[in-house]
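Asker: Dock chains B and C against chain A, hints included.
The primary structure of each chain is shown beneath.
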Amino acid sequence: MMNQEITMEEILGHDVARDFTDEAVLDIPAPLSDKIAFEIRDVDLFYGDFQALKNVNMDIRQNAITTFIGPSGCGKSTLLRCLNRMNDLIESCRVEGTISLYGENIGGNNIDVNMLRKRVGMVFQKPNPFPMSIYDNIAYGPRTHGMRSRAKLDDLVESVLREAVLWDEVKDSLRKSALALSGGQQQRLCIARALAVRPDVLLLDEPTSALDPISTSKIEDLVMRLKSTYTIVMVTHNMQQAVRISDETAFFLLGEVIEMTDTKSLFAMPTDRRTEAYITGRFG
Amino acid sequence: MTAADQHALRRERALRKRLEWRILLKHPASLLMRLAAYTAAFLTVGVLLYLLVHNIVRGIPHLNGNLFAWKYSSENLSLVPALINTLIMTALALLLAVPIGVGAAIYLVEYSQQTSKIIRVIRLTTETLAGIPSIVYGLFGSLFFVRFLGWGMSLIAGTCTMAIVILPLVIRSTEEALLAVPDAWREASYALGAGKLRTVFTVVLPAAIPGILAGIILATGRIVGESAAVMYTAGSVAEIPSGRNFFRDPVRTLAVHMYILSSEGLHPGSSYATGLVLMVMVLILNTLSRYFAKRLRTKAGQKDANE
Amino acid sequence: MNAIRKPQVRRVRIKELLMKIIFLSAALFSTAAVLIICLFLFARGIPAINEIGWLNFLTGTRWKPSDVPPSFGILPMIVGSVYATGLAIAMGGPVGILAAIFISKFSPPKIRRFINAAVGLMAGIPSVVYGYFGMVVIVPAIGNAFGVSGASLLAAGIMLAIMILPTIIQLSVSAIDAVPATYYEGALAVGATHEQSVFRVVVPAARSGVLSAIILGVGRAIGETMAVTMVIGNQAVMPDSLIHGARTMTTNIITEMGYAVDLHYDALIATGVVLFVFILIINFSFSILKNRGIKYDGS
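Chains as they are written, first to last, in the working numbering: chain A, 1 to 284; chain B, 1 to 307; chain C, 1 to 299.
For reference, chain A alone in the conformation it holds in the complex (with noise of 0.2 Å):
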């Protein structure tokens, strides 16, 4: 593990660091945090009577890029439609162990899941922007949360299509469809969509699987530049991807979590066979 005596907080203060200015940001070499957002304790996950997570171990530190790699069908994604609750929309699904988020319990009967997901924003394989203009889209989120005044919308919209680095690009067509984008675009505006009720963590679920390689380039400097705003945690098919941008690496297989440790240590010196076997290509 990586232990820096400096946190980002300490540099930048957190409030400051969510007003960051392009430039800033990508000089500061990438701290991280001791903070955990994320700790995940003894999960099973079932899906009816198939198991497809099985003693799940981890914790998520506030600030980094965490990666989840491992062949399909492994419980990546699964685990992380844990930490936003998008399992419950799956009947046969039932979670047994804690996940907790700073130190709450996510998984309880007495947790407002809206207002869960409003800190643990998500983003999803395929580009799904509703079928409604770019402006809409973006303010779905703040008026679901009982944001009214058009002034703050505007501002609003304006800033997150920024952090996005989307807004040159569509800032005289913001009452255009959004279907009417470009994949990579569409991306990147469910991403601005998804900082737009400003989340704690975002999920990213093989955000790039869909897109060119242009488009997934810019989309990786964009992640890289929203983890000192937010914790990113992102399920990847792309190794190569996972060692460029990431702090943290967990591999699964077969519903478990193999190895989980600095990208850095893991692409380097694994210390399980089955993870050398897969980052050396010899399976997945």
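It is worth saying that the hints were derived from the structure and are not from the lab.
A quick note: this is a predicted structure, and the numbers were derived from the prediction, not measured.
Where a beta carbon is used, it is the ideal one built from N, C-alpha and C, also for glycine.
Check before you lean on any hint, since a few could be wrong.
[Said to hold, decoys possible] Restricting the straight-line Cα-Cα distance to at most 25 Å, the calculated cross-link-like pairs of lysine-lysine (BS3-like) are:
hint : chain 1 : residue 1 : chain 2 : residue 2
1    : B       : K196      : A       : K126
2    : A       : K171      : A       : K218
3    : A       : K126      : A       : K152
4    : B       : K294      : A       : K176
5    : C       : K15       : B       : K294
6    : A       : K218      : A       : K176
7    : B       : K117      : C       : K110
8    : A       : K35       : A       : K227
9    : A       : K126      : A       : K176
10   : C       : K290      : B       : K117
11   : B       : K196      : C       : K15
12   : A       : K35       : A       : K264
13   : A       : K227      : A       : K264
14   : B       : K196      : C       : K20
15   : B       : K17       : B       : K117
16   : C       : K20       : B       : K17
[Said to hold, decoys possible] Just some of the chain B residues that point at chain C, by a computed CB distance under 7 Å:
hint : residue
17   : S30
18   : L48
19   : L96
20   : T128
21   : L197
22   : F201
23   : G221
Answerer: Same frame as chain A, but now just chains B and C:
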């Protein structure tokens, strides 16, 4: 494509066709099968065209001012009161059936656990309702609305009967429209912290509107064309209801009007003309409905097309 | 950041629950409607049958409501319904299935679109318009050909055959379209012609779908009222010939509803009950067939 290319293409097509027929001549059984299929298709379209042309040719000369007089009399045989009654009944029946039908479809698609018993019962009864013939609805309306509730043969009794007749239609088309909305949009909405209601009303329903509209228009066509279910529930008085007894007045709808005119057999010209008006109305409604159904499909498919 | 635990706004939760209950009651409405329809029909019809006597009612061949004492035997109407429906299926079934085969396997896209639109139109034409067409075209034609009045079982059969065509065609087309292309290609590969592949392999593979199309056609034919009443002659006697008049259960109801009172009215309701039972049986077999439908590999 150059002219030479086109010529070559045409030649090749002709050649292939000739080859096809040569094969067919070698296999008389195959030839027979093909002829049978052609004949059946021809017969189907032929019957329809004959019916349409027959009705149009005989009907148009009788589409005169008398037929569209404001008040009905046994001399002018005006269809206007019946037409207006039909419109009133349609509006009222839709007002009753659409909220219930759309609500039911929302429950079936958005809320229910698809395996639960109650859903199976609801689906089974909706299917049963769709299969009940008009005349049975007419009997029920006569028993329940006309006699049991004591409404007599009236606008309201006919309207309520028709509302039940079209309910399964509205439910089914709304269900289809909701199912055509991609789950990705629902997921995106939930992931932003929106609740079920907000997701349904701001994301799912707007996307499903063309399909719902298609169902509503189809239901309108059904009401306009229906006769057996309204004859003994709404009655056959060729006057527009008015005043204090608006809902309790017996009324004659256009299809019933057509039936009465033609079974009297005294006014073939007017029957043709009335039938023509009725047919054109229903055909326009059906075409509109198909148009909206198509728009739903393209709207829902747009996302994929863009990727 | 505010805590996620406290239920954010209580009102929102109550609203969600309330709307769910409203949607559920809307969904239960159709169930309630079916129950009430059954209740009212049976509560009125069964006592009437008891009074007339089950045997007299179901197997009696005399329907004389105004005689003293009246007789209420509906066997002629049951037989009439069965004959008319049988005729309709005998004529409309093969034509419909063959037309569906044409649409699915023999027509270029342009013609396919045209015929589909035509079939859609046919499905939309109101019963009374069909009925009038039958009255002024089919009935006189039969009359001239056989030297009778023309209003007959045969006329009703032809009328119904035309009216059930769209149902049979539309359902058969989707059944035939659903057969995987591999079936067809497999037949071609062993040297069958296009026609042989379609008729010997593809259509038999779609048989359960085609059969359910026929069953739905039966349901529509047996329930049709207005068009039949305008061409069948409505004599309440046992049908003795296809070119003579007859009466079906549906036309029995519609012809006499206007003036029937007391036991006569109840006997019409009871006719409706018998018809309803027929329909329930047909629908039931339809849904069994639909649920059992062939599962092709991989689909």
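Asker: Hint by hint, which ones does this structure get wrong, listed from lowest number up?
Answerer: Hints 3, 5, 7, 15, 16, 19 and 22 are the ones this structure does not satisfy, whereas the remaining hints hold.
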